[in-house]
Amino acid sequence: MAGFKEIVERLTDIVGREFIKTRPEEIRGYAVDEMIPEAVIFPGNTKEVSGVVKLASRENLAIVPRGSGTKMCLGNPPKRLDLVVCVSRMNHMIDVDTSNLTITVEAGVKFRDIQARLATQEDRCYLPLDDLTTVADEVICSDRSHSGCFLPMDPSHANEATIGGIIAANSSGPRRLLYRLPRDSILGVRMVAPTGEILGSGGKTVKNVSGYDVSKLAVGSMGSLGILCEMTFKLLPLPEKMETLLISFGSFSDTSDFVEGLFETTLLPASVDVMNRRAYSHLRMDGIPDFGQGGYVSAIALEGFEPAVERIRNEISHMAKANGARSVAGIHEEKHPLFWLAISDLEQDLAGKAPGHIRARINYPISEWRGVIESAEIAFSGADLDYTIQTHAGSGICLANLLVDKEDSEGMDRAVITLNSLLGHCLRVGGNLVVERAPAGVKERLKVWGEAGSDFVVMKRVKDQIDPAGVMSPGRFIGGL
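Take 1 as the starting number for the sequence shown in the working numbering and just add one per residue.
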């Protein structure tokens with residue numbers, strides 16, 4: 001193996017010296033779970049990514065890919081770390097074909113910029129975006145007048161996350177109820193394998209894959225199988241009408257009765273979120289109703305044709321009042337996306353307020369949702385923990401945030417014991433519990449990915465075949481892959 005000084009010189013030949021950081025004060029901010037890399041590399045295109053990875057593979061250097069950093073809290077601490085490969089310079093929209101409802105972008109493009117480009121001001125932006133920061137000279141765009149569509153995803157950190165990080169983490173949010181998962185929108189990818197080989201799969205048409213679909217394999221792989229460089233997605237036209245219903249209940253029992261009744265109807269909202277009062281109070285948005293202390297709030301997104309939205313709104317409002325709702329309020333048009341952006345930013349806001357913040361994603365069979373949420377409430381309250389609960393009803397997902405002081409060792413102990421106990425309960429009902437954020441030292445005491453399922457054997461075989469040297473994100477994925 002060459003000395004690191006010589007390796008930096010070779011990397012300089014690939015990307016240029018100005019796009020390599022090696023000084024301690026420069027690379028400290030790119031640490032992964034407090035593990036600091038030897039260097040941070042900023043390739044400008046897929047070919048440069050390939051060159052960097054080929055060199056790392058020859059020299060057995062461990063790589064962790066990075067975009068804007070919003071997903072870096074996910075996963076186990078890496079077993080080793082030499083290079084962080086940051087794709088932030090790869091921020092071009094390569095082909096914006098709104099006439100055919102497809103878009104091809106590089107991995108470093110921010111999600112907000114994609115939505116801003118797709119939705120003209122006349123047609124209303126799907127997200128409340130103020131600017132469009134990235135326009136490349138070589139971009140191929142269809143006529144601007146054909147815009148007015150959006151990428152049907154609803155990730156966390158929607159303002160800052162890059163599209164590569166969203167796909168690598170399979171990040172989804174409340175509106176997955178209507179728009180499903182990121183894997184359902186992706187048509188093709190170009191990625192660099194751990195050997196440095198450039199792989200391509202899929203394209204702008206739906207029936208474009210013969211054999212195994214590598215693009216789906218890349219979704220949720222957490223950088224363990226390679227570095228995503230380019231992605232092609234299918235788009236949807238902007239909804240004709242968008243609004244949110246906020247319904248306040250005095251107890252979780254009343255809320256769950258209402259939600260279960262809603263899902264027995266043929267109504268199709270974009271999302272049905274249920275959150276405790278603590279979570280609702282932390283939403284960073286002016287002008288939303290103050291429902292007082294205690295109780296639960298159900299936030300329901302309605303998106304579609306105007307007659308359908310009006311019908312759903314009227315029927316849901318009637319159902320809510322019949323189930324004992326304390327109040328029903330509406331958020332319309334331009335404030336609707338602002339509200340769901342506040343939901344998207346909730347984790348980031350909580351992390352800034354509690355240095356020891358722990359976030360758990362609890363999943364379970366939808367039929368078990370009421371029992372799991374009640375068990376979580378009892379467990380967190382019994383451990384005297386400050387917590388928020390946000391449930392994507394109808395999707396089998398609950399996001400729990402424990403607001404613990406990093407220096408409070410006793411509080412951390414209670415949080416660890418409670419989460420491990422709650423994991424056991426989830427496993428008994430056919431679910432799991434994944435720790436999405438925690439201090440590095442605390443992760444060692446938790447099962448970050450919960451219990452690996454029966455598919456772990458296949459996942460390990462794929463990892464061993466694609467990355468036998470273990471140079472891509474070593475140890476960060478499920479079961480230490």
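Take the hints with a grain of salt, since some may be wrong.
To be verified - Within a straight-line C-alpha distance of at most 25 angstroms, the following computed DMTMM-like cross-link-like pairs (lysine to aspartate or glutamate) qualify:
#1 Lys79 / Asp386
#2 Lys406 / Glu34
#3 Lys54 / Glu243
#4 Lys443 / Glu410
#5 Lys406 / Asp345
#6 Lys335 / Glu377
#7 Lys447 / Asp384
#8 Lys241 / Glu197
#9 Lys447 / Asp467
#10 Lys54 / Asp13
#11 Lys353 / Glu377
#12 Lys321 / Asp384
#13 Lys321 / Asp386
#14 Lys216 / Glu377
#15 Lys353 / Asp33
#16 Lys321 / Asp345
#17 Lys447 / Asp413
#18 Lys47 / Glu59
#19 Lys447 / Glu368
To be verified - Label-pair restraints from in silico Cβ distances:
#20 Gly352 / Pro24: 38 to 48 angstroms
#21 Glu38 / Ser327: 51 to 61 angstroms
#22 Asp386 / Arg58: 42 to 52 angstroms
#23 Ala322 / Asn45: 52 to 62 angstroms
#24 Glu18 / Gly330: 49 to 59 angstroms
#25 Arg10 / Pro289: 56 to 66 angstroms
#26 Asn45 / Leu101: 50 to 60 angstroms
No wet-lab data here; the hints were simulated from the structure. Note that the coordinates shown come from a computational prediction; the quantities given were computed from them, not determined experimentally. Virtual Cβ for every residue (Gly too), placed ideally from N, Cα, C.
So, going through the hints one by one against the coordinates:
A distance of roughly 32 angstroms separates the Cα atoms of Lys79 and Asp386; the hinted pair therefore is violated under the 25 angstroms criterion. Annotation: proposed proximity of Lys406 to Glu34 holds, straight-line Cα distance about 14 angstroms (limit 25 angstroms). Note on Lys54 and Glu243: the hinted pairing is violated, with a Cα-Cα distance of about 49 angstroms set against a maximum of 25 angstroms. Between Lys443 and Glu410 the CA atoms are separated by roughly 16 angstroms; this keeps the pair inside 25 angstroms, and the hint holds.
A C-alpha spacing of about 21 angstroms is found between Lys406 and Asp345, which places the hinted pair at or below 25 angstroms, so the restraint holds. Proximity of Lys335 to Glu377 is assessed by CA-CA distance (about 31 angstroms); at most 25 angstroms being required, the pair is judged violated. Restraint check for Lys447 and Asp384: the C-alpha separation of about 22 angstroms stays at or below 25 angstroms, so the hint holds. A hinted pair counts as satisfied when its Cα atoms are at most 25 angstroms apart, and Lys241 with Glu197 does not qualify at roughly 45 angstroms.
Straight-line distance between C-alpha atoms of Lys447 and Asp467 comes to about 24 angstroms, which keeps the hinted pair within the 25 angstroms bound. Pair hint Lys54 plus Asp13 holds up; C-alpha atoms about 13 angstroms apart against a cutoff of 25 angstroms. Distance check on the hinted pair: Lys353 and Glu377 sit about 21 angstroms apart at the alpha-carbon level, within 25 angstroms; holds. Restraint check for Lys321 and Asp384: the C-alpha separation of about 33 angstroms exceeds 25 angstroms, so the hint is violated.
This hinted pair does not check out: Lys321 and Asp386 have alpha carbons roughly 30 angstroms apart, beyond 25 angstroms. Proximity of Lys216 to Glu377 is assessed by CA-CA distance (about 35 angstroms); at most 25 angstroms being required, the pair is judged violated. Restraint check for Lys353 and Asp33: the C-alpha separation of about 19 angstroms stays at or below 25 angstroms, so the hint holds. A C-alpha spacing of about 30 angstroms is found between Lys321 and Asp345, which places the hinted pair above 25 angstroms, so the restraint is violated.
Simply put, Lys447 and Asp413 have alpha-carbon atoms about 14 angstroms apart, close enough for the 25 angstroms limit, and the pair holds. Straight-line distance between C-alpha atoms of Lys47 and Glu59 comes to about 19 angstroms, which keeps the hinted pair within the 25 angstroms bound. At roughly 22 angstroms between alpha-carbon atoms, Lys447 and Glu368 fall within 25 angstroms of each other, so this suggested pair holds. For the pair Gly352 and Pro24, the supplied restraint of 38 to 48 angstroms is violated, since their beta-carbon distance comes to about 25 angstroms.
Look at Glu38 against Ser327: about 56 angstroms separates their beta carbons, and that is inside 51 to 61 angstroms. Evaluation of the 42 to 52 angstroms hint for Asp386 and Arg58 yields a pass: the beta carbon distance comes to about 49 angstroms. A beta carbon spacing of about 58 angstroms between Ala322 and Asn45 agrees with the range 52 to 62 angstroms that was offered as a hint. For the pair Glu18 and Gly330, the beta carbons lie near 51 angstroms from each other, so the given range of 49 to 59 angstroms is met.
For the pair Arg10 and Pro289, the supplied restraint of 56 to 66 angstroms holds, since their beta-carbon distance comes to about 59 angstroms. Separation of Asn45 from Leu101 is about 26 angstroms and departs from the stated range, judged on CB atoms against 50 to 60 angstroms.
Checked against the numbered hints above, the structure violates hints 1, 3, 6, 8, 12, 13, 14, 16, 20 and 26; every other hint is satisfied.
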